[in-house]
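Protein chains: 2
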Amino acid sequence: MAAYQAPLTDMHFVLHEVQRAAELCAAMPGTADVTADLMDAVLESAAQLASEVLAPLNRSGDEEGCRFEAGRVHTPAGFREAYRAYTEGGWVGLCGDPAHGGQGMPKMLAVLVEEMMMGANSSFALYPVLTAGASLALVSHASESIKAFYLPRLYSGEWSATMCLTEAHAGTDLGLLKTRAEPDGQGSYRITGSKIFITGGEHDLSDNIIHLVLARLPDAPAGPRGISLFLVPRQLPDASGKPGVHNGVSCGAIEHKMGIKASATCVMHFDGATGYLIGEANKGLACMFTMMNYERLSIGLQGIGLAEHSLQVASAYARERLQGRAATGPVNPAGSADPILVHPDVRRMLLTVRADLEAGRALSVYVGAALDTVHFDPDPQRQARAARLVALLTPVAKAAFSDRGFEGCVNAQQALGGHGYVREWGLEQNVRDARIAQIYEGTNGVQALDLAGRKVVRDQEGLLETLWEDIESFLQAQATNAALKECFLELKAALAQTRQVSDWLRQAAAGNPDEIGAASVPYLRLLSQLLYCFMWCRMAVAATLALSRPGADKAFYEDKLTVARFFMTRQMPVRHALAAEIKSGCATVMAFPAERF
Amino acid sequence: MAAYQAPLTDMHFVLHEVQRAAELCAAMPGTADVTADLMDAVLESAAQLASEVLAPLNRSGDEEGCRFEAGRVHTPAGFREAYRAYTEGGWVGLCGDPAHGGQGMPKMLAVLVEEMMMGANSSFALYPVLTAGASLALVSHASESIKAFYLPRLYSGEWSATMCLTEAHAGTDLGLLKTRAEPDGQGSYRITGSKIFITGGEHDLSDNIIHLVLARLPDAPAGPRGISLFLVPRQLPDASGKPGVHNGVSCGAIEHKMGIKASATCVMHFDGATGYLIGEANKGLACMFTMMNYERLSIGLQGIGLAEHSLQVASAYARERLQGRAATGPVNPAGSADPILVHPDVRRMLLTVRADLEAGRALSVYVGAALDTVHFDPDPQRQARAARLVALLTPVAKAAFSDRGFEGCVNAQQALGGHGYVREWGLEQNVRDARIAQIYEGTNGVQALDLAGRKVVRDQEGLLETLWEDIESFLQAQATNAALKECFLELKAALAQTRQVSDWLRQAAAGNPDEIGAASVPYLRLLSQLLYCFMWCRMAVAATLALSRPGADKAFYEDKLTVARFFMTRQMPVRHALAAEIKSGCATVMAFPAERF
Chain S
0 MAAYQAPLTD MHFVLHEVQR AAELCAAMPG TADVTADLMD AVLESAAQLA SEVLAPLNRS
60 GDEEGCRFEA GRVHTPAGFR EAYRAYTEGG WVGLCGDPAH GGQGMPKMLA VLVEEMMMGA
120 NSSFALYPVL TAGASLALVS HASESIKAFY LPRLYSGEWS ATMCLTEAHA GTDLGLLKTR
180 AEPDGQGSYR ITGSKIFITG GEHDLSDNII HLVLARLPDA PAGPRGISLF LVPRQLPDAS
240 GKPGVHNGVS CGAIEHKMGI KASATCVMHF DGATGYLIGE ANKGLACMFT MMNYERLSIG
300 LQGIGLAEHS LQVASAYARE RLQGRAATGP VNPAGSADPI LVHPDVRRML LTVRADLEAG
360 RALSVYVGAA LDTVHFDPDP QRQARAARLV ALLTPVAKAA FSDRGFEGCV NAQQALGGHG
420 YVREWGLEQN VRDARIAQIY EGTNGVQALD LAGRKVVRDQ EGLLETLWED IESFLQAQAT
480 NAALKECFLE LKAALAQTRQ VSDWLRQAAA GNPDEIGAAS VPYLRLLSQL LYCFMWCRMA
540 VAATLALSRP GADKAFYEDK LTVARFFMTR QMPVRHALAA EIKSGCATVM AFPAERF
Chain G
0 MAAYQAPLTD MHFVLHEVQR AAELCAAMPG TADVTADLMD AVLESAAQLA SEVLAPLNRS
60 GDEEGCRFEA GRVHTPAGFR EAYRAYTEGG WVGLCGDPAH GGQGMPKMLA VLVEEMMMGA
120 NSSFALYPVL TAGASLALVS HASESIKAFY LPRLYSGEWS ATMCLTEAHA GTDLGLLKTR
180 AEPDGQGSYR ITGSKIFITG GEHDLSDNII HLVLARLPDA PAGPRGISLF LVPRQLPDAS
240 GKPGVHNGVS CGAIEHKMGI KASATCVMHF DGATGYLIGE ANKGLACMFT MMNYERLSIG
300 LQGIGLAEHS LQVASAYARE RLQGRAATGP VNPAGSADPI LVHPDVRRML LTVRADLEAG
360 RALSVYVGAA LDTVHFDPDP QRQARAARLV ALLTPVAKAA FSDRGFEGCV NAQQALGGHG
420 YVREWGLEQN VRDARIAQIY EGTNGVQALD LAGRKVVRDQ EGLLETLWED IESFLQAQAT
480 NAALKECFLE LKAALAQTRQ VSDWLRQAAA GNPDEIGAAS VPYLRLLSQL LYCFMWCRMA
540 VAATLALSRP GADKAFYEDK LTVARFFMTR QMPVRHALAA EIKSGCATVM AFPAERF
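Top line first, the protein sequences correspond to chains S and G.
Per numbering that gives the first Met the number 0, the first sequence starts with residue 0, numbered consecutively.
Per numbering that gives the first Met the number 0, the second sequence starts with residue 0, numbered consecutively.
Calculated directly from the structure, the hints in this document are not laboratory data.
Straight line, CA to CA, 30 Å or less: simulated DSSO-like cross-link-like pairs of lysine-lysine:
{"hint": "1", "chain 1": "S", "residue 1": "K484", "chain 2": "G", "residue 2": "K582"}
{"hint": "2", "chain 1": "G", "residue 1": "K484", "chain 2": "G", "residue 2": "K553"}
{"hint": "3", "chain 1": "G", "residue 1": "K282", "chain 2": "G", "residue 2": "K146"}
{"hint": "4", "chain 1": "G", "residue 1": "K146", "chain 2": "G", "residue 2": "K241"}
{"hint": "5", "chain 1": "G", "residue 1": "K282", "chain 2": "G", "residue 2": "K177"}
{"hint": "6", "chain 1": "S", "residue 1": "K582", "chain 2": "G", "residue 2": "K491"}
{"hint": "7", "chain 1": "S", "residue 1": "K553", "chain 2": "S", "residue 2": "K484"}
{"hint": "8", "chain 1": "G", "residue 1": "K553", "chain 2": "G", "residue 2": "K491"}
{"hint": "9", "chain 1": "S", "residue 1": "K146", "chain 2": "S", "residue 2": "K177"}
{"hint": "10", "chain 1": "G", "residue 1": "K582", "chain 2": "S", "residue 2": "K491"}
{"hint": "11", "chain 1": "S", "residue 1": "K582", "chain 2": "G", "residue 2": "K484"}
{"hint": "12", "chain 1": "S", "residue 1": "K282", "chain 2": "S", "residue 2": "K177"}
{"hint": "13", "chain 1": "G", "residue 1": "K582", "chain 2": "S", "residue 2": "K582"}
{"hint": "14", "chain 1": "G", "residue 1": "K582", "chain 2": "G", "residue 2": "K491"}
{"hint": "15", "chain 1": "S", "residue 1": "K582", "chain 2": "S", "residue 2": "K491"}
With the Cβ distance kept under 7 Å, some of the chain S side facing chain G (calculated, not the full set):
{"hint": "16", "residue": "R346"}
{"hint": "17", "residue": "R347"}
{"hint": "18", "residue": "G417"}
{"hint": "19", "residue": "V421"}
{"hint": "20", "residue": "G444"}
{"hint": "21", "residue": "D513"}
{"hint": "22", "residue": "G516"}
{"hint": "23", "residue": "R569"}
{"hint": "24", "residue": "P572"}
{"hint": "25", "residue": "E580"}
{"hint": "26", "residue": "C585"}
{"hint": "27", "residue": "T587"}
{"hint": "28", "residue": "A593"}
Every beta carbon over 12 Å from chain G, so not counted as near; a handful from chain S, in silico:
{"hint": "29", "residue": "T34"}
{"hint": "30", "residue": "A238"}
{"hint": "31", "residue": "Y275"}
{"hint": "32", "residue": "G278"}
{"hint": "33", "residue": "P379"}
{"hint": "34", "residue": "Q382"}
{"hint": "35", "residue": "A478"}
{"hint": "36", "residue": "N480"}
Small disclaimer: the values here were computed from a predicted structure and weren't measured.
Just so you know, even glycine gets a beta-carbon here, dropped at the ideal spot from N, CA and C.
Chain S extracted, bound-state conformation:
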């Protein structure tokens, strides 16, 4: 089985030639020292870690899984050593606050690093991704003393962190949660309750685990406006700052799951554990939302990374596996058969995976750049504009990356026939591992509802209009570019159609709020189709430009144009079906009687 190799050339292309990251960094004070060379060095070093340290533990981690014994979780063989290598490289704090030991790198770079780690070993990658996410919540909402004490220990990986949201009866609907927080009269709180589905709730990788827990204060209003956020260490730090006495936090069980078996998914019990309020009382959900845009983007990257890994394996297999003959005559007449790449349907599957994941990668950098503008750009107007894009695009990115990532893993597996179904080639594991990204961090149905409801129908800030502007000014700038005219025509038509469907949805929802939910998933898919088309147009423009440079790697850039054309002709027609499905309305969805399901 081919091990994961980071697609560095493709990543350089997207980061430098499509997104022009170095120019963006140079223009912002917080990232002025992030040069192209520095970014390449980061990518190079991440690639080495991913392929040499994480990838070799991917299958063994799946086979062995996590072990739960007497309240402790043991990660699979090799994970502790890999965690040490990962943390010693400073990767947990890659985007961390430099004031507290973070490296302050831009998100548009970090998305590529995260894609690599997820592609090489999703189970492993989740431990530090969760720590990075929790750290971000602390950066925005914790007191200076908490930040000064905890952040350096989290960025170094010495301690790790979790997010404790879900309870057995409260998943999507966090307003139902029951975990209680009672003031202990000393400025801290006693936290009591049980949480489920806690990624990395307990494990043996770090010296301490810091839980960010959503809970209710005694006088809190019911529902989502009565939830506060608490920091609850597994072991309370002692006077020297080392993990001290245990704090009434225990792991009751780990889940047995379809995939990501080396990631510990824990049932966590808090029995009067000491916790510290983070941010304002009753504003816990808002504190969580701050980091959610980052976190959702990271989870989407799991889909892209695993699809990339699966594509690498399936492409190598298809180049070598001899079976059947080309319809147009043998290409390998001396051999017993031709490589299966002669079969158009094998190509169709692999090109579909490639077209989706490369556009997804470009979009992840695009959204990453918008997050960086929000964070680093001193200009309030540019900041506000980027914030609108982030709000609009985050749910689309999370759902589209993970949906297409899963589909990509399934397609790549299919190219191997029976060999894709057995464990040996690793592609069945990728399918199982990729599946979770469609579910956690808000199911893709929840992402679609957030998009169609909050971001489209109830939007007052012009989120969609900001995106339309971006696409229109791109088209404007390319008005005289005749070489790619067909791609631009498709983009223009897709834009017009998506605008029209969006208007329809806003009007229809005014008459019946169920139109939002009935349209949401196909609407998200339609908008993602437009965005992927936009990304392929941007990549085609960058490739055309590069081809005019002497000494350019012609084959590489021509491949981009070939896949762009494939995407336009083979994958874009689905927008007509999606538009028709949406506009058929909610009547047929709501008609079936609930008790007859």
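Could you slot chain G onto chain S? The hints should help.
Chain G only, in chain S's frame:
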């Protein structure tokens, strides 16, 4: 977790009211005694076996898997007892030749029984399904003495059977296979070679295992026209007809797979094993093709059965799980939240699963009825006509049932959120088990190529035209039925579009044979869309008729009309995307250089 329950009411509806099975049976001498009551008794008894004996072993079988020790395969706990119950019920020989102890039941009934067994426990069901398939090959091609000796033992389940086709280097391309068969001078042969992916190649359920093996005679021409079929018992029968000495057949290993873990997928070695030629020398592939239409249909049913099971679990969950509130106001104001069925997107997912699986079930009975006409109808014209339908529809049924079955299992899993990803609810197992049906018995890509190439472009018998006739005469008969006008308009439009695309494909392929493979998968999907639309129209007609009967279960029949409308408005628009994708041609698929994949 809800256990599988056979959907008997839906099955009765499809069999009796949509397909009018009893009338068809009464009109053919071989099935004249198969009354509606008899069929219902068969279904009832199969349902009991599926839900009471097979379903309880589904999850434990997955957890335990098969164990390989010293050349022997041990099936999971309870499988031997279940196999005894299954075989004592005579289920292996349900469609078997009555001259040799089979029950001679029609396939249109058997598809429903197979769907139940697959839905309750796919791993288990594969053992007898393989025996039934091998028996069918013997019925058509073996000598009278072989039939008389082996068939009763296979129908009773005392012995089981396998199909040994694939070799490590010869999967889809069986022409490459190398297993040798040398005459031993006594009328039999010495078989030598290794086979992989042999379902039930070794296990502890039956007293003997009879392998049907494809191999080459010494003087055989190269390629697919030099392959012969041999019967190779694991143990040679002794004088009393009992399993005697071992016959140079051994199991080298079992595969570790994504799913169907309780089904033993074996590497089989034949070391000069004694085998008996079945059918003519060098006509082995043709002998296999006889049974392939039955076998492929059975494998498709795995998708329908598992989607049905998943839908049952997800529907029960969605009725009970309280989370969030209806967009139009609370429906459960006294409770903490509303059942998630109030959310349009949950309904959309579950209705999609339902619409696909009910149309699939109706199509399975339709194809089953065509197989029965070929087998039982004495009229050569009706026989020939039905044979054309079978040839056309088998690859569509296998691929569409298994593709939509997998998608259905994924959608149902999604409705449970995180609870769908953990093992507890069983839905992640269904996803893993359903995945194989898209791969084995000819991958769905191979089915699509068979359809687009052999059955459409190179067809000389008017296969498509036979289907068009069926649909047109249905539409003709309903010309004055105004109540379902919208459904019929959609069917008419889909028919016109599919015909037009078929004509396009035939012409395009004349210019470039790669057009076949480039179009094949979306073409199969398009044709299946037309067929599912046809099935929903037939079901709607039957439901309307039933609603006019006094005392009819109004709710049941109205549900059919509701789902039919859902299918027409929400699922049919995809045909436009498929048509556009196909007609974009093969250029963008073939342009990417092979060495750059």
